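Visitor: With these hints in hand, go ahead and build the complete structure from the sequences.
Residue numbers (our numbering), protein chains in the order written: chain A, 1 to 297; chain B, 1 to 453.
All clues given are correct.
Here are the simulated EDC-like pairs of lysine to aspartate or glutamate, each with C-alpha atoms no more than 20 Å apart in a straight line:
1) A:K269 to A:E21
2) B:K392 to A:D42
3) B:K429 to A:D294
4) B:K198 to B:D396
5) B:K429 to B:E40
6) B:K198 to B:E73
7) B:K429 to B:D10
8) A:K269 to A:E25
9) B:K198 to B:E400
10) B:K429 to B:E419
11) B:K392 to A:E25
12) B:K198 to B:E399
13) B:K392 to A:D41
14) B:K392 to A:E21
Quick caveat, the hints were computed from the structure, so don't treat them as lab data.
Every value quoted in this text rests on a predicted model; they were computed, and no experiment measured them.
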Amino acid sequence: MRIVYNSIYANGVNAIQNAAEQLAEAQRQISSGRRMATPSDDPLGSAAAILEHTELARLQTFSGAADAAGYRLNLADSALSDIINQLTAAQTVTLSARGSAQTQAQRDAASRELLAIRHALVGDINTQFQGAYIFSGAQATTPPFVESGATVSPYQGDGTTTRVDIANGLSAATSFDGGAIFQGGDSQHILDALTSLATAVAAGDETNIQAGLDAIGRAFNRATSAQSAVGNDLRAVDDARLRTVNDRTGVIARLQTIEDADLAEAAAKLAQSDTAYQAALQSLSLIGRISLMDYLK
Amino acid sequence: MLNRTVIALDAQRYGLDVAGQNIANVNTPGYVRRSAVLVETPPPDPFSPGGGVNVAGLLASRAPLVDGRLRYEQPLASREGAVADQLGVLESGLGQAGSSLDEALASFYNTYATLGQSPTSATARQQVVVQGQSLARSFNDMASRFESQRRSADAEIRAQVTQLNALAAQLSGINRQIAQTEPSNAQGLYDQQAQVIKAMSSFVDLNVISRNDGVVDVSIGNGRALVLGERAYPIQVSSNASGYGTLLSDGAAVTTDVTGEITGGRIGGLLHVRDALIPSYTARLDQLAYTVANDVNAVTTAGYDLNGDPGVNFFAPPAAVAGAARLLAVNAAVVTDNSLVVTSSTTAVGNNDLALAIGRLQDTPMTGSTARPIEGWSDLVYAVATDAAGAKQNRDAHEEITQQLRNLWDQISGVSIDEEAASLMRFQKAYEANARFFQVVDDTLSLLMGLGR
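Guide: Okay, here's the thing in structure tokens:
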């Protein structure tokens with residue numbers, strides 16, 4: 001076989017270029033910390049990275065939604081606690097004003113106290129979160145009840161309970177159907193019932209006092225069951241947060257495998273390609289020095 | 001006898017000349033090493049030892065088989081190289097995962113889902129409009145990136161055709177000279193001819209036919225003549241309706257469109273990128289933009305806005321799939337008035353079911369597809385990446401082969417400095433010996449002359 005300097009040279013330059021390319025690639029991985037420079041370095045990996053990044057953004061949204069739902073649920077929880085306390089107070093006041101031993105002045109005082117409790121209840125029920133009423137169903141901008149003088153409006157919200165997604169397959173309520181909680185199947189809502197009760201207490205009307213106490217009892221039950229539903233949702237929010245944190249850890253770990261350079265491996269490759277590069281340089285310069293011409297006198 | 005020795009000295013000097021010529025051209029591309037062919041001059045009569053030596057000619061060590069293989073392999077390597085170059089630029093325009101169109105898609109759906117937390121919030125509504133616009137812009141930018149890459153491929157095709165035509169004209173000139181030159185004096189022209197054909201083969205795949213007189217005919221595509229003997233038929237480029245170049249050949253009975261016939265070489269690769277690959281990516285992108293917009297619009301038009309009016313399209317409805325990505329935009333009315341953003345299937349302002357429904361669109365297959373919106377994008381990235389990776393691999397494989405063929409060519413036709421050094425020694429020694437012989441004859445004759453005195 002004839003060996004020609006030109007092909008030795010061309011092959012040598014090729015070898016140098018290959019070694020330099022590998023050296024540069026190892027250097028790039030180490031300095032950038034990224035395994036891939038372009039999608040074609042790992043087509044499957046780049047497609048997977050896109051899906052994982054999207055999943056990460058989705059989890060971020062879930063986590064934000066869980067926080068937002070958590071605020072509202074906590075607000076609803078404390079509003080319902082207040083409401084339950086007010087209802088209990090109304091029961092106590094009514095019971096203390098009952099019986100023939102009470103004077104008219106005492107009955108009038110109890111009646112006024114019941115109206116004050118009604119006023120406080122309207123305040124609790126009309127709780128807002130960032131300008132949205134949480135007991136109006138989907139009618140976020142309409143207060144559930146409006147108190148004007150001696151009377152209270154009927155329920156102005158609607159029967160919707162709005163929910164948001166807080167994890168895959170998990171949701172939590174962000175507003176509640178006030179009509180179901182504060183009226184339920186009764187002919188009048190609890191606020192009107194308190195108005196009637198105040199009148200009955202002032203008049204010593206035993207039949208209607210009993211009817212009012214029954215209405216308070218039913219409202220009490222509805223409010224406590226609403227509160228336990230809120231409690232369930234709060235637990236779901238906690239679950240969702242935990243799940244999101246775990247999922248996030250998983251996604252980040254997968255993304256690291258796809259996107260991050262294995263530094264130890266890259267460093268080893270750097271040393272290896274450095275050696276190859278120097279060897280290629282040296283061998284070409286060595287072979288270029290030898291020629292029969294040197295021996296021609 | 002002296003005369004014969006002079007011829008022998010000339011022959012050895014000729015050998016030195018040839019070695020000198022070889023050494024001088026050691027770096028000349030395409031130069032085929034020559035060697036002097038010396039033959040014995042037959043004896044004039046049976047009693048004579050011989051008539052000395054004569055230069056019979058010059059032999060060039062050509063490698064027609066390797067030349068042919070290279071002509072076949074080079075267009076393949078160049079084609080894949082051109083595709084790899086183009087897609088390398090294109091794929092870098094796709095952006096990094098998590099900060100490109102994928103991010104815009106996810107942000108849009110997620111922001112819409114977040115609006116579900118407080119449907120009446122003007123800020124949250126404005127966010128949705130802003131993210132919608134940003135998504136539309138991402139689609140617009142990506143589509144125009146594809147388009148401009150296609151334009152640049154077209155511009156390169158035109159430039160390459162110009163170079164190919166220049167080479168074709170050069171080849172026809174060389175053919176003319178070869179036809180007019182004695183074959184024995186035409187070695188340099190043959191070198192040039194082979195070199196020009198080699199250069200041409202990196203532009204397109206060629207069909208080369210050599211005639212007996214050394215003139216070659218070159219055709220492209222389905223036998224369209226590019227060079228016929230002393231005549232070149234340059235490829236013309238005419239722009240079609242969308243401004244892309246169509247290649248026309250005059251090397252047939254009538255001017256013929258050969259755009260679809262060229263598959264090899266850089267021009268073939270560029271045509272493949274321009275006419276097949278990028279249009280297929282654009283079609284996918286358009287389909288994605290079209291479906292995303294229509295799926296969102298289908299939800300919003302089924303609901304009610306903040307004012308309790310029937311919902312309007314969130315995105316300006318795309319007129320057709322083609323161009324959907326380039327033209328995608330948020331409905332101008334929604335941009336002006338964000339209370340038109342739809343969150344509810346009822347007139348209740350705080351209802352968020354449709355906001356959640358749009359947020360969930362990212363989790364479900366798109367209409368008429370089995371892929372989620374983000375998968376529509378990741379599939380496109382995967383397609384570009386595999387095409388680019390495939391082109392790179394093929395290019396490397398073909399370049400490996402062409403490199404080996406070039407080594408083979410060098411082994412047969414290349415100049416070896418060691419060999420030429422040996423040649424120099426050989427002819428120098430022979431020259432010295434002949435000169436010595438000349439001296440001996442001269443001395444002998446002098447002796448003979450001295451006898452008579």
